[in-house]
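Protein chains in written order, with our numbering: chain A, 10 to 317; chain B, 2 to 300.
These are calculated hints, taken from the structure and not from any lab test. Owing to the predicted nature of the structure, the values given are computational and were not obtained by experimental measurement. Using N, Cα and C, we set each Cβ at its ideal position, and we do this for glycine too. Take these hints with a grain of salt, some might be off.
Said to hold, decoys possible - To be clear about the criterion: a stretch of chain A counts as covered by chain B if any three or more of its residues have a C-beta under 8 angstroms from a C-beta of chain B, and this derived list gives those stretches:
no.: 1; segment: 149-159
no.: 2; segment: 180-186
no.: 3; segment: 209-215
no.: 4; segment: 269-277
To be verified - With a Cα cut of at most 20 angstroms, we get these calculated SDA-like pairs of lysine to any residue:
no.: 5; chain 1: B; residue 1: K145; chain 2: B; residue 2: T180
no.: 6; chain 1: B; residue 1: K145; chain 2: A; residue 2: R223
no.: 7; chain 1: B; residue 1: K145; chain 2: A; residue 2: F257
no.: 8; chain 1: B; residue 1: K145; chain 2: A; residue 2: G227
no.: 9; chain 1: B; residue 1: K145; chain 2: A; residue 2: Y215
no.: 10; chain 1: B; residue 1: K145; chain 2: A; residue 2: R78
no.: 11; chain 1: B; residue 1: K196; chain 2: B; residue 2: Q82
no.: 12; chain 1: B; residue 1: K145; chain 2: A; residue 2: Y217
no.: 13; chain 1: B; residue 1: K145; chain 2: A; residue 2: P190
no.: 14; chain 1: B; residue 1: K145; chain 2: A; residue 2: F113
no.: 15; chain 1: B; residue 1: K145; chain 2: A; residue 2: M263
no.: 16; chain 1: B; residue 1: K145; chain 2: A; residue 2: V112
no.: 17; chain 1: B; residue 1: K196; chain 2: B; residue 2: M173
no.: 18; chain 1: B; residue 1: K145; chain 2: A; residue 2: L194
no.: 19; chain 1: B; residue 1: K196; chain 2: B; residue 2: R86
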Amino acid sequence: MAEPGDGRGGVGAPVPAWMLGGSSAPPPGRQGRPVLEKLLNGVAHVVESAMAADAAGDRGGLLQRLDPRVKLVGLLALLLASVLVNHLAALLALFAVALAFIVFSRLGLGRFALRAWVFVPLFTLAIVVPATTSWVTPGRAVVHLWGGGATTATGLASAVRLVLRVTDAVSFSVLLAMTTPWNELLAALRVLRVPRTFVFVLAVSYRYVFVLMRLLQGMVAARRSRTVGRLAPREDRRFVAAAVGTLFGHSQAMSEQVHTAMQARGFTGEVHALSVWRVRALDYAWAAMVTLALAAAVVLELTVTRGF
Amino acid sequence: MTVVFELTDVSFSYGAGVTALAGVDLTIHQGERVALLGANGSGKSTLLHMLSGLAQPTGGEVRAFGALLTAQLLRDEAQAQAFRRRVGIVFQNADAQLFSPTVRDEIAFGPLHLGLGQGEAQQRVDDMLRLFGLEALAGRAPYKLSGGEQKKVALAAVLAIDPDVLLFDEPMGGLDPRTRQWLLEFLEALHVAGKTLIVATHELAELERLADRVVILGEDHRLAAAGPVGEMLGDRALLLNVNLIHEHTHVHGDLVHTHAHAHPPGHEHGTEHDHALPHEHAHKAHGHQHAHPHDGTDA
Numbered sequence: 010m011a012e013p014g015d016g017r018g019g020v021g022a023p024v025p026a027w028m029l030g031g032s033s034a035p036p037p038g039r040q041g042r043p044v045l046e047k048l049l050n051g052v053a054h055v056v057e058s059a060m061a062a063d064a065a066g067d068r069g070g071l072l073q074r075l076d077p078r079v080k081l082v083g084l085l086a087l088l089l090a091s092v093l094v095n096h097l098a099a100l101l102a103l104f105a106v107a108l109a110f111i112v113f114s115r116l117g118l119g120r121f122a123l124r125a126w127v128f129v130p131l132f133t134l135a136i137v138v139p140a141t142t143s144w145v146t147p148g149r150a151v152v153h154l155w156g157g158g159a160t161t162a163t164g165l166a167s168a169v170r171l172v173l174r175v176t177d178a179v180s181f182s183v184l185l186a187m188t189t190p191w192n193e194l195l196a197a198l199r200v201l202r203v204p205r206t207f208v209f210v211l212a213v214s215y216r217y218v219f220v221l222m223r224l225l226q227g228m229v230a231a232r233r234s235r236t237v238g239r240l241a242p243r244e245d246r247r248f249v250a251a252a253v254g255t256l257f258g259h260s261q262a263m264s265e266q267v268h269t270a271m272q273a274r275g276f277t278g279e280v281h282a283l284s285v286w287r288v289r290a291l292d293y294a295w296a297a298m299v300t301l302a303l304a305a306a307v308v309l310e311l312t313v314t315r316g317f
Numbered sequence: 002m003t004v005v006f007e008l009t010d011v012s013f014s015y016g017a018g019v020t021a022l023a024g025v026d027l028t029i030h031q032g033e034r035v036a037l038l039g040a041n042g043s044g045k046s047t048l049l050h051m052l053s054g055l056a057q058p059t060g061g062e063v064r065a066f067g068a069l070l071t072a073q074l075l076r077d078e079a080q081a082q083a084f085r086r087r088v089g090i091v092f093q094n095a096d097a098q099l100f101s102p103t104v105r106d107e108i109a110f111g112p113l114h115l116g117l118g119q120g121e122a123q124q125r126v127d128d129m130l131r132l133f134g135l136e137a138l139a140g141r142a143p144y145k146l147s148g149g150e151q152k153k154v155a156l157a158a159v160l161a162i163d164p165d166v167l168l169f170d171e172p173m174g175g176l177d178p179r180t181r182q183w184l185l186e187f188l189e190a191l192h193v194a195g196k197t198l199i200v201a202t203h204e205l206a207e208l209e210r211l212a213d214r215v216v217i218l219g220e221d222h223r224l225a226a227a228g229p230v231g232e233m234l235g236d237r238a239l240l241l242n243v244n245l246i247h248e249h250t251h252v253h254g255d256l257v258h259t260h261a262h263a264h265p266p267g268h269e270h271g272t273e274h275d276h277a278l279p280h281e282h283a284h285k286a287h288g289h290q291h292a293h294p295h296d297g298t299d300a
């Protein structure tokens, strides 16, 4: 066996002299992470985390046990209702329905609130605040403001209805996302007559985004392991551009390999998928509940609006 | 014996003078176990792709089951389906092979796209999940599986079609010892069941369990030799010439000793050995075994 320092690497050519001496590298100091590298890593991490989270927690919850097709249609109908109804009582009734689903699906109110009720409804509130003032919506003053304006009752009522409408819609969307694995959700789109090929392309894209994210993280880690000191922002940008180009090239090559693998198992352009779902008694019962909830919201809307 | 594949003067180039295969003549019979040996880049994968109809030769011809295998034949859906039902290929890259959202979808893909109905496809999926012990992974996404699990899913997905011929591209790559052993035993079972197996590999260690006949591709992309496993493995000069084994150099004091050997899995070169021991024993301390004269000359 070749000994260290004897210049014989055992591979034919002599080992270069500069590799045989001791390390001449300076001691490690503080090394900041370039902004764009952090961004790339962050994007990859977020995508991976989102995919790893998939359908949440307890699979024994109410919504988790439903046929994804029935669930998709039902929650979409409730979402549509929250967009169309106008009266506060109807919107509150729909919110109560969403709350019931959260509880019976064992999703955890705190976790759900963080995902569904913090950002979008608050952002909506921030946008709608000017519309509560007498400068935008005239009406009976509730709180007097500087400059002669006031917060009006009409404006406040509109704002509350809008925020509640957004909260209802987001709640039903997040309920669907948190209780349905992504691949089941895509396959359930067939019930809405979404073309099978489109669903298949989405499903394959979802699967390979993960592969490309891993590649991206590997590239970022490799670059970091060979970087000494700080790099100029221009170098950073050059790396991002190179990373994008490399990922594009890899995705191109990967798509050809995947297509070859599909051809090898009989794919000729038309997509066929296995149907594994069967609508059961629980699905029928849930669909009946949703129908009742929708009917109640409509009756409330008509009763209050028309003064019946 | 029925001829399954017949290759006559087959060549393949990627264009711009990049040759992958040159002038290969090869016949494979039904029920045979054939290993395609060669160093990296010798053309093994290209040859497998041609046998599976996924690449067309730029020279020569490939016959499968007596018919000329051409792009025109495979454009006919009925002909293509008939061929794909008889020939299955397990790729080296699991990421490219496992493209479906879940394990169940992956196994069902082949049967569904080769004309089987929902009921029959579901039955095959259930049978494959049971055979490979994958029931607990049926709903899982492929990227969440370990290397060994991915290999099982890839095999299950191909076997669900029930092909007569199975092509494997570096099947042992990246597998842990237990999974390797499982795969070897499984391939032996497939052979007993009458399947024709063609395995592309550059690992010599398990060759006698993998194949009865060896076809060796040289680094010039030509057929270097073909014959029974024992005969091919015994020809050290040939194996050295085609870069399937290497010359190992070590030092005994002032003596530099060079000899040819290959590394079985788990082989480790020790950093020291006792010079006082007879040479055979000294080399056993390395963890590998071979016999050669201890006279300072090359073996």
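Results for each hint:
1. 149-159: That given contact is violated, which follows from only 0 residues of the segment 149-159 of chain A lying within Cβ reach (below 8 angstroms) of chain B.
2. 180-186: It is violated, with 0 qualifying residues against the three required.
3. 209-215: n = 3 at 8 angstroms, threshold three: holds.
4. 269-277: Check passed, 9 qualifying residues.
5. B:K145 to B:T180: holds, 17 angstroms
6. B:K145 to A:R223: holds, 12 angstroms
7. B:K145 to A:F257: violated, 23 angstroms
8. B:K145 to A:G227: holds, 17 angstroms
9. B:K145 to A:Y215: holds, 13 angstroms
10. B:K145 to A:R78: Not satisfied, since the Cα-Cα distance of roughly 25 angstroms exceeds 20 angstroms.
11. B:K196 to B:Q82: The hint holds at about 19 angstroms.
12. B:K145 to A:Y217: Distance of about 12 angstroms is within 20 angstroms: holds.
13. B:K145 to A:P190: holds, 14 angstroms
14. B:K145 to A:F113: violated, 29 angstroms
15. B:K145 to A:M263: Holds, at about 18 angstroms.
16. B:K145 to A:V112: Between K145 (chain B) and V112 (chain A) the Cα gap is close to 30 angstroms, so the pair fails against 20 angstroms, i.e. violated.
17. B:K196 to B:M173: holds, 19 angstroms
18. B:K145 to A:L194: holds, 18 angstroms
19. B:K196 to B:R86: holds, 13 angstroms
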